[in-house]
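Line order of the protein sequences matches chains A and B.
Numbering-wise, this note's numbering puts 250 at position 250 of the first sequence, and it's gapless, one number per residue.
If you want this note's numbering, it's the 1-based position in the second sequence plus 1000.
Since the hints were derived computationally from the structure, they do not count as laboratory data.
Calculated lysine to aspartate or glutamate pairs in the DMTMM-like style (CA-CA distance at most 25 Å, straight line): (1) A:Lys-227 / A:Glu-217; (2) A:Lys-152 / B:Glu-1097; (3) A:Lys-152 / B:Glu-1041; (4) A:Lys-34 / B:Glu-1265; (5) A:Lys-158 / B:Glu-1097.
Here the structure is a predicted model, which is why all the values come from computation and not from measurement.
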Amino acid sequence: MRAALASIAPTRHICGSMPTQPAIEVHRLAKIYKQVPAVDGVSFAIAPGSITGLLGGNGAGKTTTIAMIMGLITPTSGSVNVLGAHMPAQRYRVLQRMNFESPYVEMPMRLTIRQNLTVFGMLYGVRNLADRIEELAEVLDLSALLDRPTGKLSAGQKTRVSLAKSLINSPELLLLDEPTASLDPDTADWVRERLERYCRDRHATVLLASHNTAEVERLCERVIIMKSGRIEDDDTPARLLSRHGRRTLEEVFLDVARGRDEAREAAQ
Amino acid sequence: MTVSSDVARTESAFAFSPQRVAAMMLRYWYLLRSSWPRLIELIYWPTVQMITWGFIQYYVTQNASFFARASGTLIGAVLLWDILFRGQLGFSISFLEEMWARNVGNLMMSPLRPVEFVTALMVMSIVRLAIGVIPVTVLALIFFGFNLYGLGFGLVAFFINLMLTSWAVGIFVSGLVLRNGLGAENFAWSIMFLFMPLACVYYPVTTLPVWLQPAAWALPPTYVFEGMRALLIDHTFRADLMLYALALNVVLFAAGVFGFLKLSEAARRNGSLMQTGE
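Extracted from the complex, chain B is given alone in its bound form:
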């Protein structure tokens, strides 16, 4: 067997290689391209959810004067919730693909650094989100006259904060799956729903009992959904809410990374990296 390949040597533990990030993105792109059910799945649920809530909104705006004034809050909430939920799911599913394929050992034994792996997963979550949510925003405009892009700069601030939250949760869930195997897979699908009642997606924080409101304000998405309602109802962009959300996201992201590293260490101690089944 001949030996003619030439391997570029980068041996630092802190090296960041865009080529390795590109390799992982290419791997996920090949996967998406080879499987039309995966592509359909990306669009299917956001579409169904948006249409359902779109009709609910249509109904209540005809029967309640407040909702007539607050037109778009429900459908806007649905679309922003999808950014949060699908962002985390996009991150987690790309990671789960490695578990399902029993490929984790190959990756852990390769020169791929955790930070490169996480970067690829974050970029892929945006790609998957774009495939799933952009067509739905167009449908929302066509069927219900709701223009998400009309939120302008507010949408950019909402998007950044929601993606940071989704990545923080996605990183932590990946650590859980790495440590506990595919038995912990359900967390990937359900953990974000823990946020739903407290993040006040469809109603203002004041709807919650007073004793529960501090818990709601501890979650970054709460500020985003409050900010969205302020923008749609009062036509005011609340920069203060976005800054609070950003500060909390920094803490949440650091906690997610810390949790992932600790769970990875535990996986190495327990031998879970070699046994990636249930």
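With the rest of the complex left out, here is chain A:
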């Protein structure tokens, strides 16, 4: 099913007010590598202050889509607007107002947490940087580790450091690619709770790419399901459950991933 492909974010918003201009606007975005489409003409718009999940299996095109939104990959065709700036051409107008976290990118291992956050705080022009680092360390439970090299931390601690880096400039727009991958359930839940609170306090827009359905169901008021570079469905979790006649988002995801809907429609 490929419903509401070009829709603006659904009307239910956890945080922030109803938008006048989308925080992210993607129009017929495509990325083709050697005639193989990684992203195949997707369109969507994300309302400011909303949390949207980009759900899909491996190779669905989530990371490529996020990378094009960040300006790290140039689209083959289509357009991306972020906070009113055309990406990647006008990225320097908005990079200071956004940030990201991805498992494909790491923090320098030999630097301590404090050193890493100092460097990135300076790059983002954060004022009162020492206070900001202390504040983030306290919230993310890193205070006791601040002077430890990042390479000597556990996976969970490293994820919290990456999260601290992604929040160092209090971004209006946060792009998260598998933010809780490789974390144990307790730590993952702890991270989600912090993200939820940040979005609420900052009225920030979050786009979260994940294949963790429980995470998406808990955090996101809107879910875009991708498969083979295309948007297969796009709605609120409640409407997705209702439309697919399922009790959990995981069941919906499996339906889409395995093409059960198409098989059911074909049988009818």
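Guided by the hints, dock chain B onto chain A, whose structure is given.
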């Protein structure tokens, strides 16, 4: 989670922020400070090379009248070659540190402009060069009586030209690594050796076959090494050679920046910025 930070907003694409340059220099300084093998490596090879060539020079000056007259040309060439080679390596290694750390994506997504990144890499190449080469010049004076600083203003002209060449090559190599991943890392270590035979580091240009000499004169370092020999053998500072080198360096630097920008664009098209492995 509270939101109390205050971010200074500078949104122009052409903005140059000394603070962001300082942030990158601080990052490399933290790295150098945290790793004594990195510091030792900076000094180790220049020292070994200088001592080896110092003894070779000592041997030939005792056995050949020309070299007795041209005392210091070999060891001077070694030290100037080190400025060229280590300058480029210092630039490239700082860039490679980001690739090894898988940190390129973080930097590309930050407000850091390419010109600020390149400026930080250039300054760090001088810092790394100073750490590696200054102690070696002192050793050259102590062991072989060769005073590099005795070249006076000539040394300043040589240094500026050699650094410009090293940065031009370093910028281009960084683009290659950005586009092709760490599989292209070997270029960073070896590309400068392409210059070595043609730049006539240890011998005059007239040693080359006539048909090859125009190629040698197309390289800025050739003028520097010829200038050094003119200074040490004939005690003449050849300003004309330095001006030719400077003009060629402007062209080479522009070509390096152009190549870097084109390779960066290609990296964005190919998705290489997200896949910084091999």
